[in-house]
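Asker: Using the sequences plus the hints, can you model the full thing?
These are the residues of each chain, in order.
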Amino acid sequence: MPTIVVEVMPKPELLDPAGKATAGAIAKQGSSTFSAVRIGKRFELTVDGEVTDAVLAEAQRLAEEFLSNQVIEDVVAVKVA
Amino acid sequence: MPTIVVEVMPKPELLDPAGKATAGAIAKQGSSTFSAVRIGKRFELTVDGEVTDAVLAEAQRLAEEFLSNQVIEDVVAVKVA
Amino acid sequence: MAVRIGVVTFPGSLDDRDAQRAVRLAGGEAVALWHGDHELQGVDAIVLPGGFSYGDYLRCGAIAAHSPIMSEVISAANAGMPVLGICNGFQILVESQLLPGGLIRNDHGDFICRDQRLRVENASTAWTSQFEAGDEIVIPLKNGEGGYIATDETLDRLEGEGLVAFRYLDVNPNGSLRDIAGLTNERGNVVGLMPHPEHATEPGFGPDTPDAMRSGVDGLRFFQSAIESVLARV
Amino acid sequence: MSTPATHVVDTVENAAATPEREQPYAALGLKTDEYQRIREILGRRPTSGELAMYSVMWSEHCSYKSSKVWLRQFGQKVSPEMTKNLMVGMGENAGVVDIGEGWAVTFKIESHNHPSYVEPFQGAATGVGGIVRDIISMGARPVAVMDALRFGALDHPDTARVVPGVVSGISFYGNCLGLPNIGGETWFDPIYQANPLVNALAVGVLRHEDLHLANARGVGNKVVLFGARTGGDGIGGASILASESFDEGSGRKRPAVQVGDPFMEKVLIECCLELYRGELVEGIQDLGAAGISCATSELASNGDGGMHIVLDEVLLRDPTLTAEEILMSESQERMMAVVTPEKLEAFLAVIDRWDVEASVLGEVTGTGRLVIDWKGETIVDVDPRTVAVDGPVYERPVAYPTWIDHVNADSASGLARPTAGDELKAQTLTLLGSANLADKSWITSQYDKYVLGNTALSFPEDGGMVRVDEGSGLGFALATDANGRYCYLDPYQGAQLALAEAYRNVAVTGATPVAVSDCLNFGSPENPEVMWQFSRAVEGLADGCLQLGIPVTGGNVSFYNQTGDVPIHPTPVVAVMGTIDDVGRRVPSGWQDAGDNLYLLGT
Ligand SMILES: Nc1ncnc2c1ncn2[C@@H]1O[C@H](COP(=O)(O)OP(=O)(O)O)[C@@H](O)[C@H]1O
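Residue numbers (the working numbering), protein chains in the order written: chain A, 1 to 81; chain B, 1 to 81; chain C, 1 to 234; chain D, 1 to 603.
For the record, the hints were derived by calculation from the structure and aren't laboratory data.
Every value quoted in this text rests on a predicted model; they were computed, and no experiment measured them.
Where is the CB? At the ideal position from N, CA and C, for every residue including glycine.
Just so you know, not all the hints are guaranteed correct.
To be verified - For lysine-lysine, the following BS3-like pairs were computed, each having C-alpha atoms within a straight-line distance of at most 30 Å:
id: 1; chain 1: B; residue 1: Lys79; chain 2: A; residue 2: Lys11
id: 2; chain 1: A; residue 1: Lys28; chain 2: B; residue 2: Lys79
id: 3; chain 1: B; residue 1: Lys28; chain 2: A; residue 2: Lys28
id: 4; chain 1: A; residue 1: Lys79; chain 2: A; residue 2: Lys11
id: 5; chain 1: A; residue 1: Lys79; chain 2: B; residue 2: Lys41
Said to hold, decoys possible - The following label-pair restraints were derived from C-beta to C-beta distances:
id: 6; chain 1: D; residue 1: Thr320; chain 2: B; residue 2: Glu64; range: 25 to 31 Å
id: 7; chain 1: A; residue 1: Arg61; chain 2: D; residue 2: Ser441; range: 30 to 36 Å
id: 8; chain 1: B; residue 1: Thr3; chain 2: C; residue 2: Arg187; range: 38 to 44 Å
id: 9; chain 1: B; residue 1: Thr3; chain 2: A; residue 2: Thr3; range: 22 to 28 Å
id: 10; chain 1: C; residue 1: Ala32; chain 2: A; residue 2: Thr52; range: 43 to 49 Å
Answerer: In structure tokens, the structure reads:
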């Protein structure tokens, strides 16, 4: 069955302590390749049937209204896997 | 600065309680388009410099050894954003 | 006539019976409300209790914010009914956008349970009228996702309009911006905070005080305030 | 992923017709003589489904085959005084003690050691989940948890993986269930490096009339499975199974670990309590290790008839599971109930109100047999007692470990004493900075001690205390203790010291000790020296309980705790429960008022 992927990230202007802690831990391991880390979510929605435009639109709506909290997060992608 | 995206999902054969609860809530809201939901993580690593093969390899290693728990999760992607 | 305060039970609510006990100890009548109903049973005020509604799986409070009773709670709150969100209840208020900003994972990553000192910043809300602004109180705090975040603009507005209801003292236990522990809306009827006033209402089962072990009852005044504010309206 | 070879259902008929077919009993952990006994019991070879059931139920973990002969002492070394208040003793999911005023307390401690090493967070979390379900199945509301932990050296790199994982797993599951954590232990010793001990205790309260037992009585009563769906979790976790033995050549993945869903379990608690209040349940059993195999065979054995189950009715998370896998699955957060047909509708209405899934698997019969069908054919037809009760019992050889004399002779009196103040200071600082004396609040501050509003004592007190009756103040106190090093030197006395310490820790709170539960963590029972340690520890505990006049009401044995051939120190964790008629009169361990006098009691 087809899958729609929804990606959600914390808003860039807001604090992401988990990302910051992860970046700190990576630096502690001696790697200086990455200067920052941000951690968001990745949803896989299994579609019961075909992926039509209507299904994609519904996924987009769900992503914005339910899977993310628009006050603190952005939906960065809604796409067919 | 360039960004590498790492995507991590719970192993498909394991229970994903968060995905299950989310799928249940979506169904309760009256939508029957999606039969299952799984929730993973999406990391954005900011690269200090150019993305070389070595940087990608390091991101891959970090993804497997640090950003994911291989006992219960799979790294599904390591790519340049 | 006893003031009737409803306590909503969602699947995964944990401190609901404790909130009911606190209401009774304050002299009110506790009314159990069910997440799946659209019925507020004529209550005068509402508590959204602590816990892990729906496992807190998607985001804390997110799934509960979409449950049937919340549409009634939101209308009642907009009509001026006193509503208190404690911990998970605060998260539900934020997810319902009755209060601004967001609550995220504690900055240190762990769940934390401690007796927390707070300053009451706003004593003119429905849930704080029995305090004086500046009062320092101790009530238990226990959460994994209590870090308060909002944009600088929002934070400045909250400060400017006096909407920060409580602030952490001594220790900021979760990385909350500007040490914010709780908020009120402009009207002062909707209040949310991470610490648990209902666990500081019965001598012997609250936080320690200099006087005696577990004797702290600073939380009682939240519920007494609500009762007073309801009685003042009739 | 290759497509699975079509799985041929091994029916009872087929088993009778093909006696010579080779079966992977050894891979399932059964010995040749055990397999032969199964053939004798059945009068034919077992079907693969029956083999799955026997193998998990006859495993050490489920059958207590090596420990049974020793554990009997707990039932034998008792005075009438000791059993006076015992409503349910050893053998049920958990013991139940009458504490007066119509109230009863049920508590039990259990290990989840190995899973917590493999995946610390989920292993520890599901350990809490499992023990809490034992408490629910007695008809009680769980009211608190405790955890007794043993880890390797604090500065070993792997400890940094295990400790935070275990602690956050316990914290996550217990906090999410809304159960206060009221105490426990944490100990570091390199002997536990690759074999940490995670022992979780749960305690619940009930009114006398709410007591429920795990039995299936009443012909025609329905057998209902409810809670989480069944997945491929922990298949062979109770014994050792290579899942390929069931369908060679299939590339299907079966998870090595289980993921807990505390939210599901919290809903299950409330749902079960509502079912009890409505008197909608005749018998009930939680699903732990050995899942449906265990629940069906135990319910049927404890009943008065038989049971007929249609396995196709099990709601699955993974539709590719075979019948054998469904029988062995250890998926968490499931319960099985026996319900009268008249009450089924009301039962399902409650289930529905809590958004829990349920399916009726079959019913209680008068045949005395446990019969299980799959795809229209019978795949299991056994006397349930042969699966659940009359498993093998071993009198394993014991051998006195000769090294023990040497270890005892090598006492601390041979060590150099500090001669100067500086040395003494350095030693004191070393002690103060040692992991085992250090403050444990990094751990305990991750546990909710306030929820439910009845915690009268918790960390850093010697024992936890919980109010049971908000009117009268009636309550109970609990403490867990063990010292593996003492037991290594002398398992008999070491076990008694653990008992005495837990007893004292309860007594000093002001409560009167009344009952014991224990979790016996040892190395391999096939090692005669370990078996000697085990036998001495059990004897010490049983004798000590008789002397103190408090019964063992239940517990758990965990064998095979070892790294390579090196067993852990024998670690019998003892939990003592005491009662107090008013928690308002508890005695805390801290200074209370200026001017109080200090006394030192004892010798
Ligand atoms: N893993 C744990 N879980 C819960 N409580 C714990 C745990 N470890 C220690 N504690 C609690 O911390 C307190 C101090 O423990 P400890 O330092 O071992 O003291 P003691 O030596 O007096 O037993 C006790 O109240 C004990 O119950």
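Asker: The structure should be examined with respect to each hint, and the outcome stated for every one.
Answerer: Hint-by-hint comparison with the structure:
A hinted pair counts as satisfied when its Cα atoms are at most 30 Å apart, and B:Lys79 with A:Lys11 qualifies at roughly 21 Å. At roughly 23 Å between alpha-carbon atoms, A:Lys28 and B:Lys79 fall within 30 Å of each other, so this suggested pair holds. Proximity of B:Lys28 to A:Lys28 is assessed by CA-CA distance (about 45 Å); at most 30 Å being required, the pair is judged violated. A threshold of 30 Å between alpha carbons decides the hint, and for A:Lys79 with A:Lys11 the separation of about 20 Å falls inside it, so the pair holds.
Of the pairs offered as hints, the one joining A:Lys79 and B:Lys41 holds, with about 16 Å between alpha carbons and a cut-off of 30 Å not exceeded. Checking the proposed 25 to 31 Å range against D:Thr320 and B:Glu64 shows it holds: the Cβ atoms sit about 27 Å from each other. The given range of 30 to 36 Å is broken by A:Arg61 and D:Ser441, whose C-beta atoms sit roughly 46 Å from each other. For the pair B:Thr3 and C:Arg187, the beta carbons lie near 43 Å from each other, so the given range of 38 to 44 Å is met.
Range check, B:Thr3 to A:Thr3: Cβ separation about 24 Å, and the 22 to 28 Å hint holds. For the pair C:Ala32 and A:Thr52, the beta carbons lie near 44 Å from each other, so the given range of 43 to 49 Å is met.
In the structure shown, a violation is registered for the earlier hints numbered 3 and 7, in ascending order.
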